[in-house]
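> If you read the sequences in order, they're chains A and B.
Quick note, the first sequence lines up with residues 1 to 279 if you use the working numbering.
Quick note, the second sequence lines up with residues 280 to 514 if you use the working numbering.
Accuracy of the hints is not assured; some may be wrong.
As the list claims (entries may be wrong) - List time: in silico EDC-like cross-link candidates among lysine to aspartate or glutamate, alpha-carbon distance up to 16 Å:
hint : chain 1 : residue 1 : chain 2 : residue 2
1    : A       : Lys86     : A       : Asp147
2    : A       : Lys152    : A       : Asp164
3    : A       : Lys256    : A       : Asp103
4    : A       : Lys207    : B       : Asp282
5    : B       : Lys374    : A       : Glu27
6    : B       : Lys374    : A       : Glu162
7    : A       : Lys207    : A       : Asp117
I should point out that these hints are in silico values taken from the structure, not numbers from a laboratory.
None of the values given here were measured: they were computed from a predicted structure.
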Amino acid sequence: MSFSKFLASTLFATSVGSAVSSAALAEDFIIVQSTTSTQNSGLLDAILPAFEEKTGIDVRVVAVGTGQALKNAANGDGDVLLVHAKPSEEKFVTDGYGVERFDVMYNDFVLVGPKSDPAGIRGMTDVTSALKKIAETGSVFASRGDDSGTHKKEKALWTLAEVDAAASSGGWYRETGSGMGATLNAASGMDAYALSDRATWLAFENKGNLDILTQGDDRLFNQYGVILVNPEKHANVKAEFGQTFIDWLTGEEGQKAIASFKVNGEQLFFPNAKSSAPN
Amino acid sequence: MQDFAQSFVLAGTLVLDADPALVQIVGLSLRVTATALLVSALIGLPLGAVLAIARFPGRGILVVLSNALMGLPPVVVGLCVYMMLSNAGPFGVLKLLYTPTAMIIAQSILITPIIIALTRQVIADLNEDYADTFRSMVVPVHTAIATLLWDARFSLMTVLLAGFGRAIAEVGAVMIVGGNINHVTRVMTTAIALETSKGELALALALGMVLLLIALAVNATASLLKSVEGRFAHA
Numbered sequence: 001m002s003f004s005k006f007l008a009s010t011l012f013a014t015s016v017g018s019a020v021s022s023a024a025l026a027e028d029f030i031i032v033q034s035t036t037s038t039q040n041s042g043l044l045d046a047i048l049p050a051f052e053e054k055t056g057i058d059v060r061v062v063a064v065g066t067g068q069a070l071k072n073a074a075n076g077d078g079d080v081l082l083v084h085a086k087p088s089e090e091k092f093v094t095d096g097y098g099v100e101r102f103d104v105m106y107n108d109f110v111l112v113g114p115k116s117d118p119a120g121i122r123g124m125t126d127v128t129s130a131l132k133k134i135a136e137t138g139s140v141f142a143s144r145g146d147d148s149g150t151h152k153k154e155k156a157l158w159t160l161a162e163v164d165a166a167a168s169s170g171g172w173y174r175e176t177g178s179g180m181g182a183t184l185n186a187a188s189g190m191d192a193y194a195l196s197d198r199a200t201w202l203a204f205e206n207k208g209n210l211d212i213l214t215q216g217d218d219r220l221f222n223q224y225g226v227i228l229v230n231p232e233k234h235a236n237v238k239a240e241f242g243q244t245f246i247d248w249l250t251g252e253e254g255q256k257a258i259a260s261f262k263v264n265g266e267q268l269f270f271p272n273a274k275s276s277a278p279n
Numbered sequence: 280m281q282d283f284a285q286s287f288v289l290a291g292t293l294v295l296d297a298d299p300a301l302v303q304i305v306g307l308s309l310r311v312t313a314t315a316l317l318v319s320a321l322i323g324l325p326l327g328a329v330l331a332i333a334r335f336p337g338r339g340i341l342v343v344l345s346n347a348l349m350g351l352p353p354v355v356v357g358l359c360v361y362m363m364l365s366n367a368g369p370f371g372v373l374k375l376l377y378t379p380t381a382m383i384i385a386q387s388i389l390i391t392p393i394i395i396a397l398t399r400q401v402i403a404d405l406n407e408d409y410a411d412t413f414r415s416m417v418v419p420v421h422t423a424i425a426t427l428l429w430d431a432r433f434s435l436m437t438v439l440l441a442g443f444g445r446a447i448a449e450v451g452a453v454m455i456v457g458g459n460i461n462h463v464t465r466v467m468t469t470a471i472a473l474e475t476s477k478g479e480l481a482l483a484l485a486l487g488m489v490l491l492l493i494a495l496a497v498n499a500t501a502s503l504l505k506s507v508e509g510r511f512a513h514a
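Please construct the entire structure, taking both the sequences and the accompanying hints into account.
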């Protein structure tokens with residue numbers, strides 16, 4: 001067979017192949033714009049199959065930072081938003097991009113850092129004092145720096161601690177501009193402190209020299225919310241499927257699935273939807 | 280490094296077990312990139328040849344432009360394609376965002392300039408030998424182009440392999456327009472990025488080795504075809 005014939009037949013086969021497979025993509029799916037923490041921790045992989053089996057609706061998750069998820073959803077590139085930055089979520093709804101916001105679950109943030117703990121914050125429960133000590137000692141801190149939910153939380157905590165961390169950017173304050181896992185990889189690589197959601201931290205496999213040093217402050221509470229993208233803004237939104245998913249997630253079955261998701265025997269997310277029947 | 284050793288073992292296990300999830304991801308990677316390569320070749324080979332032998336005003340600018348666009352940053356391509364295909368963008372009605380088709384579009388945009396620029400160079404070099412013959416036989420331009428493309432087919436195969444390599448290895452564009460959705464738009468590179476962010480460094484590296492193996496297989500096949508065809512040509 002000549003080269004050109006081979007090339008033509010191969011390329012024809014591949015293009016037919018891709019046409020067939022795109023035709024096979026069913027319309028019964030929704031796109032959920034969510035955060036890296038729900039995916040990196042393995043939560044969605046664990047709970048979605050039950051929903052998909054029950055309803056026949058395929059859930060396609062785009063896991064990005066909360067900032068990007070909000071932007072994508074505002075563009076109408078998704079049917080449901082599942083993120084963790086309550087003020088931004090409420091603004092999303094007030095601006096008319098979302099229908100209504102529902103609480104889904106919570107976990108908490110933890111301050112991790114090198115076991116040698118140069119700032120001496122191990123065992124502290126007051127997160128703002130801990131941050132102050134990190135700043136005072138000039139210990140390296142790895143920030144998400146990507147406008148994600150975790151980054152928004154971290155900035156709010158610096159403000160509470162009355163530290164202008166951004167002024168030291170490039171010095172002891174390092175903005176990685178990437179997801180939670182990538183930031184933890186960076187922190188692990190340079191023995192830095194970092195703020196992480198507990199779920200991603202527990203599931204993270206490259207902890208290296210890092211350990212949880214500060215936890216348990218009420219201000220480290222991390223609430224997740226779910227919102228249906230407003231079909232009046234974007235006619236393409238699959239409102240019915242999206243609502244079915246939200247009802248399931250905030251209902252008894254979804255809440256139970258969230259509670260039973262464990263990594264190394266530890267529960268990562270705590271369901272707290274108001275509409276759910278008491279468990 | 281313990282991770283490296285572990286990765287080799289993992290990569291071996293993944294390949295030997297023909298892990299179904301991996302097979303799906305590899306299949307999608309190949310399908311997306313092969314289709315993008317087809318599109319780019321259909322556009323880039325003739326355009327590159329035209330740029331090589333035709334003389335028209337503005338040709339120099341186009342040559343510089345195609346050369347410069349070889350350095351297109353994948354993330355920028357991804358962002359532009361996202362903005363075009365987003366429901367808030369001009370082509371939102373096509374509902375292509377977060378589909379393999381969107382990834383094919385992004386990769387095609389990324390590698391078409393490479394095919395054009397390298398084809399132009401290959402054909403221009405060959406045309407130096409052929410120009411006099413074409414002139415004396417008064418060969419029409421399209422016949423000249425077809426002849427040149429055919430006679431340069433071995434060099435052009437290397438051009439296509441360069442495009443293939445660039446497309447299958449890129450992560451920035453397909454991550455944005457595909458969304459790295461499991462079973463739908465997850466390809467080798469986005470899977471590697473995901474495993475890295477999970478801190479599963481050994482698994483990520485193992486996937487990287489599998490990707491290298493694929494590139495090796497594709498290049499070996501191409502080189503085999505070349506030698507078989509070459510033998511026939513000289514028989």
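> Now tell me, hint by hint, if it's right for this structure.
Against the structure, the hints:
1. Among the hinted pairs, Lys86 (chain A) with Asp147 (chain A) is consistent with the structure: their alpha-carbon atoms are about 14 Å apart, no more than 16 Å.
2. Using a Cα cut-off of 16 Å, the hinted pair Lys152 (chain A) and Asp164 (chain A) holds, with the two alpha carbons roughly 14 Å apart.
3. The hinted pair formed by Lys256 (chain A) and Asp103 (chain A) meets the criterion: a straight-line CA distance of about 15 Å does not exceed 16 Å.
4. At roughly 14 Å between alpha-carbon atoms, Lys207 (chain A) and Asp282 (chain B) fall within 16 Å of each other, so this suggested pair holds.
5. Proposed proximity of Lys374 (chain B) and Glu27 (chain A) is supported: the alpha carbons are some 11 Å apart, at most 16 Å.
6. As the CA atoms of Lys374 (chain B) and Glu162 (chain A) are separated by approximately 47 Å, the hinted pair breaks the 16 Å bound.
7. The straight-line distance between the Cα atoms of Lys207 (chain A) and Asp117 (chain A) is roughly 15 Å, inside the 16 Å bound, and the hint therefore holds.
Comparing the model with each earlier hint shows a violation of hint 6 alone; every other hint is respected.
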